[in-house]
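> One-letter residues, chain by chain:
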Amino acid sequence: MIATEPKVTPALAAEHGLSAEEYSRILKILGREPSITELGIFSVMWSEHCSYKSSKVHLKRLPTRGAQVLQGPGENAGVVDIGDGLCAVFKIESHNHPSFVEAFQGAATGVGGILRDIFTMGARPIAVLDSLRFGPIVRGKDAGNATPEEIARNRRLVDGVVRGIGFYGNCFGVPTVGGEVVFEPCYSNNPLVNALALGIAKRDELFFARARGAGNPVIYAGAKTGRDGIHGASLLASAEFSEESQQKRPNVQVGDPFMEKLLLEACLEAMRTGAVVAIQDMGAAGLTSSSSEMASRGGMGIEIELARVPQRETGMTPYEMMLSESQERMLLVAERGREAEVFRVFAKWGLDAVEIGRVTDDGKLRVLHHGKITAEIPAHAIAEEGPVYQRPLAPPVQPDGNARFVEFAASGADLTANFKKLLASPTIASKQWIIGQYDFQVRTNTRVIPGAGDAAVLRLKESARGLALSTDGNGRWCWLNPRLGAMHAVAEAARNVACSGARPVAATNCLNFGNPEKPEVMWQFSEAIDGIAEACKVLGVPITGGNVSFYNETLGKPIYPTPVLGVLGILDDARNALGLAFRNKGDAIVLLDGADDAASARSLDTLRREFSSSEYAKTIHGITAGTPPDIDLTAEKRLQECLVALAGDGAVESAHDLSDGGLAVAIAESAFGSEDFTARISFDSFAPPEYALFGESGARAIVTAKPASLARVMELAAKYKVGARRIGEVARGDLRIELNGVVCASAAVSALRDIWAGALERALQSDH
Amino acid sequence: MKFGVVVFPGSNCDDDAYYAIGSVLRQPVEFLWHRTETLAGCDAIVLPGGFAYGDYLRTGAIARFSPVMKSVEKFARAGGLVLGVCNGFQILCEAGLLPGALLRNSGLRFLCRQVHVRVESTDTPFTCAAERGQILKMPIAHMGGSYFCDEKTLAELERHDQIIFRYTTPDGRNDAAGNPNGSLANISGICSRERNVLGLMPHPERAVEAPLGSADGLVIFRSMVESLVQRIAVPA
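In order, the protein sequences belong to chains X and W.
Each residue of the first sequence is one higher than the last, beginning at 8 in the working numbering.
Each residue of the second sequence is one higher than the last, beginning at 230 in the working numbering.
Read the hints as simulated data drawn from the structure, not as lab findings.
The structure presented is a predicted model; accordingly, all values stated were derived computationally and were not measured.
Check each hint, because a few of them may be wrong.
The calculated lysine-lysine pairs, modelled on DSS-like cross-linking and capped at a C-alpha distance of 27 Å, are [said to hold, decoys possible]: (1) Lys231/W with Lys355/X; (2) Lys303/W with Lys355/X; (3) Lys713/X with Lys726/X.
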């Protein structure tokens, strides 16, 4: 117990990250000076992380409605109707700052947090995907000015993050089925760890975080409250990093996946009793956010007595308890008179469940400690009336102002050596070393395992349908042109889902940006939102939720603006799921192009500008400049519809979209995924060989078809107005690509596979 | 005939085992809660994979003391069929129902992938429907799957034909190359001297449907069903 509470002053408010304006707003809401506990409550709830104060005005522009969307942004996760009385519950969230400070626990609790968001809604988690960004792990042209120490630290971060994700997901028992890993110098001091979770629930068994019924008991369940993670997610993620950030390690939460597994089973079982009225997990801002948000959403008040909160440590103050971000905790509202049913379930699972308060009808969050009021604030004011900023926007100086563009090699040049270098670059190389540390099969639904297809595909035991998921985002492109880059992120995620045979139906987004107080960053954000909004509208994938992560900068240097999109698709029959691997010798390889080779209409200068933004330009020439490829969203839409039709028709054996590394890398990956097939490719193009092989323009995919099905493929492509060209066939022996009758890349597929398969592990275990 | 799948707090392959037995094999199956002391008349018990009690101490170290394990031990000593998969294998070793121990993988990393194992003996109720030398493709997913025992125990295991599965390459020619975790003598599964208790690291319940990668694990469950049918048909 503390004898006297510190007096709240404007200076103390400033220390809590509240501006003078925000503090005067608090004074106005309360009509008096806040107590220290109240100050703490406002500071976390009005932090950037919890209040979305800088992003709110822009997020409104995102499309959030759709025929199948049952719940858009604003709840713990988005909900989509997938038919047969079932719904998919999914969301992506960042855990960037904690993961940099303490990679293992930061990543682990990132997974834990997103899983709770899913089962809070009554859904059982069935899959996790992780979208990761790190600084360079090898020296090279594309490593920027990374020092050896930096490279060594990046390797440790990769190891820590991967172990953390595996530790949590593997023990909890949810398969980690996909995601992406990208390496760029800008993430060296600010890695990104975005975790997406998907769950399944019966449509009529969903739960929401809306407190109802004055007098109903408020129940605390799960792990005990400790001093860990005070100001963890909320404040750590609401300021830039400085050299002292490593000292924030005590602010990072500690995860216990076993506890979370028990909590999952207990929550789902408690929900089945019918005695649970509302439920919300204690994530960022713990007890504060769960109580005030549940009260606010339900238009009610909540009163809690902190002395009843199960505590891990003695002498905790109300301030500490309200701000603790101890993991694996839930707050429930039960029906008065039926609380015993809830307690029985938690007791069965060996978990604490304690009535700590009740729902009231005065709309206030009232916090008592041993009967004494330590905070009393209108719940709606904390949860919904936070500051909203229309921050200034200013386009940055064109990032490629003085940059060189790629000089294309002469036609006839042998590109094999560069092809090999590209396959060895960590961003393109096989991620098997990472994938193999995650249990990707538990729950036995993983129909297309990580690496085997463009999207992860899960069959459903309750239905013939399947669900496909992909996460994508290209920070480099968004840096060069945030609007265009963001459109590509949506397009690629949806295209990946379509390549697996699923119809894209909804999206979730994780928006990773720098300091929003900088007009250039805010401009990037606003542009990216417009890009996402436009692409989501055209491609028919409304945004159902997600999160915003600002302040991704260290020592004043922001990361590339990195919106990561997660797109969910539905397969009417999971058996039609497509992988990317070649399947039969002699199958025709067909290049589908939604824009029907629009590149041919562009000048060489335009192609140089575009190619200078590619993975090839970065890896081979150390150039990042120009602009991302143009995008034709209607062409993307046609291509995606065509892919879904081809898969449903059974006309194709495999499908793989063209993205990083272009056609050559796509062909190679389809060969690597197969037992020992390769490809003989031969096609004509007006474009320079490097562009033709490694260019990354969108709306393209390769499919393979048995010779007998080729006509059907062409017919369907014509129906969807998608260009289709037979460019080669599945073979054995060397992988060979011929352009305008000249071989420009050729090598034994086994040699290429060895380079690609082992590159990541070699890089991580190298001493240099 | 009825299968029982034990549920420890932290088991996470319990649903998968239940589904494989109930929905794919279409055999009667029920869950057995770790606090129960009766086995509800089950004829075969499955200890599923997962992280029983969190496994923060040592895999299986706490689970072996749970109430249900007393009954499982009694059941096993009386000749009942007990299959331990992954964490279940670890628990059986801790409980002394199988010899040896499972150490951390030699690479000190969690491993999830398809492996190949050779059926070394068909003289068990778990492999009687398989061919000797048959190669089964099944997934592993574990951090601590490196089988270890002392030389004397290994000699006994070999003498009594208790090594039931060994890791190998897909063609069955190079066992060491197929060993993912540093297991002694490439051992991936062993049975008790009386042959009624089997532990293995690969997950047969994840290998019961070809579209998910393999259906090779079915032969283990089918063997169990066949032997139970015979046991029930021939009164003791």
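> State for each hint whether it applies.
Taking the hints in turn, this is what the structure says about them:
1. Lys231/W with Lys355/X: holds (25 Å)
2. Lys303/W with Lys355/X: holds (25 Å)
3. Lys713/X with Lys726/X: Holds, at roughly 20 Å.
This entry satisfies every hint, going by the numbered hints stated previously.
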